[in-house]
Amino acid sequence: MAGLTTDWALAWVRGSAAVVGEHRAELSALDREIGDGDHGENLDRGFKAVLAKLDAAPPSTPGGVLKLVATTLISTVGGASGPLLGTAYLKAAGAVGDATELDSAAVVALLTAARDGVVLRGKAAPGDKTMIDAWTPAVDAAAAAAEAGEEPAAVLAAAADAAEQGAVATEPLVAHKGRASYLGERAIGHRDPGAQSSALQLRAAAEAAA
Amino acid sequence: MAGLTTDWALAWVRGSAAVVGEHRAELSALDREIGDGDHGENLDRGFKAVLAKLDAAPPSTPGGVLKLVATTLISTVGGASGPLLGTAYLKAAGAVGDATELDSAAVVALLTAARDGVVLRGKAAPGDKTMIDAWTPAVDAAAAAAEAGEEPAAVLAAAADAAEQGAVATEPLVAHKGRASYLGERAIGHRDPGAQSSALQLRAAAEAAA
Amino acid sequence: MKKLIRDPQTVVADALAGVAQAHQGLLRVQADPPVIVRADAPLRGKVGLVSGGGSGHEPLHGGFVGYGMLDAAVPGAVFTSPTPDPILEATKAVDGGAGVLHIVKNYTGDVLNFETAADLAAAEDVQVETVVVDDDVAVKDSLYTAGRRGVAGTVLVEKIAGAAAERGDDLASVAAIARRVNENVRSMGVALTAPIVPHAGTPSFDISDHEIEIGIGIHGEPGRERIEWEPVDGIVRRLLEPVLEDLPFTSSDDVLLFVNGMGGTPLIELYIVFDAAAQLLGDRNIHIARSLVGSYVTSLDMQGCSITLLKLDDEMKALWDAPVQTAALRWGR
Amino acid sequence: MKKLIRDPQTVVADALAGVAQAHQGLLRVQADPPVIVRADAPLRGKVGLVSGGGSGHEPLHGGFVGYGMLDAAVPGAVFTSPTPDPILEATKAVDGGAGVLHIVKNYTGDVLNFETAADLAAAEDVQVETVVVDDDVAVKDSLYTAGRRGVAGTVLVEKIAGAAAERGDDLASVAAIARRVNENVRSMGVALTAPIVPHAGTPSFDISDHEIEIGIGIHGEPGRERIEWEPVDGIVRRLLEPVLEDLPFTSSDDVLLFVNGMGGTPLIELYIVFDAAAQLLGDRNIHIARSLVGSYVTSLDMQGCSITLLKLDDEMKALWDAPVQTAALRWGR
Ligand SMILES: Nc1ncnc2c1ncn2[C@@H]1O[C@H](COP(=O)(O)OP(=O)(O)O)[C@@H](O)[C@H]1O
Ligand SMILES: Nc1ncnc2c1ncn2[C@@H]1O[C@H](COP(=O)(O)OP(=O)(O)O)[C@@H](O)[C@H]1O
Ligand SMILES: [Mg+2]
Ligand SMILES: [Mg+2]
Ligand SMILES: [Mg+2]
Ligand SMILES: [Mg+2]
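So the protein lines, in turn, are chains A, B, C and D. All residue numbers for the first sequence refer to this note's numbering, where the first residue is 67 and numbers rise by one. All residue numbers for the second sequence refer to this note's numbering, where the first residue is 67 and numbers rise by one. All residue numbers for the third sequence refer to this note's numbering, where the first residue is 11 and numbers rise by one. All residue numbers for the fourth sequence refer to this note's numbering, where the first residue is 11 and numbers rise by one.
These are computed hints drawn from the structure, not numbers from a lab. Built from N, CA and C at the ideal position, the CB exists for glycine as well. Treat the hints loosely; a few may be bogus.
What the hints assert, rightly or not - In silico lysine to any residue, SDA-like type, Cα no more than 25 Å apart, as pairs:
no., chain 1, residue 1, chain 2, residue 2
1, B, 189, B, 127
2, D, 12, A, 92
3, A, 133, A, 273
4, A, 133, D, 132
5, C, 150, B, 250
6, B, 133, B, 85
7, B, 189, C, 151
As the list claims (entries may be wrong) - Which residues of chain D face chain C? A few of them, derived with a C-beta cut under 10 Å, are:
no., residue
8, 15
9, 29
10, 53
11, 55
12, 153
13, 269
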């Protein structure tokens, strides 16, 4: 079995940039319902900057790609999602180190580190109606798939499926973190934009591996 | 033939107050089209104050009534119409002096002095799309009726008819005085609010005499 | 209509009560008739400055009462010039024996009511001079109009004349500098929306989501021309070019650039307008020596702005820089 | 969408260019990354004050940079906290060797980005203290929320801490007074309309002609509760009572009453709100010792206001009265 390479990482990031661009207005609209309406704009600004940097000097390892995404998101996104997602990619980069090929275990480690990075910065628990509610089921599903001996592509596909379900599952929740927490009961019935955008990125990861 | 008495003057003023109150919104709406939308509000405030003063200490001559109207309008209306109409009533009061009964000639003198008062303060000429375009035809029609030997009531009815036609005739005009003059050609097609309110007051004068 | 008001009939009185509470020590506010007077007026030997006009233009004029600017302001009903009585009262309240300057925006109602008040003051031996401000180039000044309107330039007249009075100039000199400012100041405005007058409850004119009104006044009067919305540079050119041509302002002039908000437009947009205007002035080598940005002469909740240019000489610069201590304009003290 | 802008993408940059032009001599404005710095920074031995946050709240924070208040402001994209890089840059630009205080409004994004910048600054041997402002009582401060938001009270923290820094207090003392102000200040806001974010082009929430939103923030977030419009006294009671109860403010307290406009509400309405608030405070024998009325912490073109109360002690009063010279707040100099 062939592990995931730098090409996969590059394809993932380009895929994320494309899908965030496509769903920019939709993500901002979700954020308008229970936040301040900028989430799509924020991520799109960040991933456009990532693309520009990738084109300028493409890194040579998956970890290098993830680190470039991390630093670029941190320095261009702002808001809550910038430091949170930035930290996710930074910790993910740390988890894969200098590896040039990632097997299923490495993919799980990557996802786990990313999720832990978000928790480290944002202190959200599952059920708080944040991006954690996409990342945590994704990590669990990925771990189960890897445990079951699945290849990296299938591990990522399981993660993406779980993240999407996790994003949908934020709808009935009251929020306990982020701007949506200001709304109390009024947040019920709306999907968390950060969970949605996280699911989009994980789907891009799976498709890049497929 | 019996001349017009203080009772007529009181009835006129009460009639004006009533009709201005009824048409308050309409006058302001006319003013909104080509001015600043306050003409009905302004006159209504003024005539309400007039009523309060009349009730407190009713004057004993037509001239006294007109003078009370003049000073009250000047001190409560503001805007362009306050000093202009105030001066009209002030000059009218001067023209009738201490007379207790007004014959047709006195009525013509009253209306002429009122019109001249507006011209003195406002320097408008006929056709400038102002209240002058109601007062001037009213004065002319009153003079013709008096000349023809009509009684005061008929003189006032002729004045009121002419004032109403004069107000309607302001519609196609470009304005040369007042706020409507700022609009240039855009004033065309709208009736001058001051001409309209003047016609209402003259109709009240005629009805008080009828 | 949604507004932060108690009742359309009491808007002016209620706002004055707030002014009185918020600026104790600076102002004395009288309720009936409504007059705002500098706390330490009358000042013996100082020329008194009185301005006024319809309400709805806040902070004009009450926000400019204080050290180095106005001695009194007379607020009329919303968009309606005050009557002579309160103007007379204000005039007498600020007369310190050196006479009083009336600063009047050029509207028929304002001119007539201040005229009557000045006559009444003269009858009581108060010397009054009147300066009529007419800076709005959107209106042609001709025999066939009521003349140009007084708009945002009024603030500059009040500040500079106020500084002249504060340094001890006599009535004729204060009037002369006020007239000199008026002769050198030009303005023009744009509306994106119409104001909602409280007693009317509906917008003063109808305008669609993609149209703007060029050459508007400050009373919800429709403007000269309605056009499709366009980006700020085009709008600013439409305002600034007539202003520049009218004086005219020419290369190497020193100017004060004043971008004024109409009440419903936030500061962030006014700064963008300032940038666009500065670029146009730069192209013509006109030098922005002083500047003012903010909502100082408003039209209730109307969205839009006006651009005012004042050609400065050295004396005007010094008087502009002189200390001022009012609710809305304050520096040096 | 009609706005006085060039392009939704360049709103912040264009406004900054206007700020730079309008306040030469007072400010240095850097375009990329966007930072507004006091012209004479860094001041040797003086604690530097840096604040920042999303744009769209003007004059906050750039309008408060200058003598006696902030040393630098870091504007993010509209309603989006700035990233760490410009915060770091501003921090280094104002460090005069006495350390830098970060004044941060309590939003997850602001807190995280300032936190990262502070870490980076520490790595470059700049001493940084952080004060998080969270004055908005509309949001319950509990384990189950992101905590109370920082809103208009931020201006009071910046003014008073700025005066402390200007008189020479050290970093720990400036941070302590900033925290003391934050502990004694409470705010709550109402929206009559929703702001239109330039890149969105449509209102951030839908609200009918007869409804208002109580307990809103300054980013177009919906509030806690939507009710039918009512006259000002009822609205003010809904804002002021939670404010009063939260601290609590009690009889014979000396307070600063700050009525803040949200960007689209004219001054005349803010004074009416002030009057209504003053009446309620009078009923409770709470004494308005200082006041501020105006649009200082805005939410683009949103109509509405917030009411802020600060319980004053003698030191806060002296620091509030101390000279300040910024674009938006100026006295004594
Ligand atoms: N403490 C937190 N932990 C995890 N995720 C969070 C936290 N706070 C906010 N988020 C996520 O950030 C998203 C909002 O991001 P964005 O709109 O870009 O930033 P902002 O809220 O500053 O405008 C939310 O939908 C949520 O998923
Ligand atoms: N110079 C003038 N001479 C005669 N009438 C005038 C003149 N200027 C204005 N008017 C009249 O005043 C009316 C407007 O009055 P009003 O709306 O009460 O005052 P304002 O224009 O100050 O708001 C106009 O419709 C016009 O008839
Ligand atoms: Mg957001
Ligand atoms: Mg009118
Ligand atoms: Mg009027
Ligand atoms: Mg945001």
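**Item:** Distance restraint between residue 133 (chain A) and residue 273 (chain A), which requires alpha-carbon spacing of 25 Å or less
**Value:** OK: residue 133 (chain A) and residue 273 (chain A) at ~21 Å, within 25 Å.
**Given pair status - residue 151 (chain C), residue 189 (chain B), alpha carbons within 25 Å** = With a Cα-Cα distance of about 16 Å, the restraint between residue 189 (chain B) and residue 151 (chain C) holds, given a limit of 25 Å.
**Prompt:** For the hint on residue 153 (chain D), does the least C-beta distance to chain C fall short of 10 Å?
**Reply:** 35 Å, violated
**Request:** Compare the distance between the alpha carbons of residue 12 (chain D) and residue 92 (chain A) with 25 Å, and conclude whether the hinted pair is satisfied.
**Result:** 22 Å, holds
**Message:** Hint check: residue 133 (chain B) vs residue 85 (chain B), CA-CA at most 25 Å. Holds or violated?
**Reply:** Distance of about 20 Å is within 25 Å: holds.
**Prompt:** Straight-line Cα separation of residue 133 (chain A) and residue 132 (chain D) no greater than 25 Å?
**Reply:** 22 Å, holds
**Asked** With 10 Å as the cut and Cβ atoms as the points, is residue 55 (chain D) at the interface with chain C?
**Response** Check failed: Cβ of residue 55 (chain D) comes no nearer than 26 Å to chain C, outside 10 Å.
**Item:** residue 269 (chain D) as chain C interface residue, shortest Cβ-Cβ below 10 Å
**Value:** Hint on residue 269 (chain D): holds, closest Cβ of chain C at ~8 Å, below 10 Å.
**Prompt:** Holds or violated: is the Cβ of residue 53 (chain D) closer than 10 Å to a Cβ in chain C?
**Reply:** With a minimum Cβ separation of about 21 Å from chain C (threshold 10 Å), the hint on residue 53 (chain D) is violated.
**Asked** Holds or violated: are the alpha carbons of residue 189 (chain B) and residue 127 (chain B) at most 25 Å from each other?
**Response** The hint is violated at about 30 Å.
**Message:** Is the interface hint satisfied for residue 15 (chain D)? The criterion is a beta-carbon contact with chain C at less than 10 Å.
**Reply:** 6 Å, holds
**Residue hint residue 29 (chain D), partner chain C, criterion CB-CB below 10 Å** = 5 Å, holds
The structure shown violates the earlier hints numbered 1, 10, 11 and 12.
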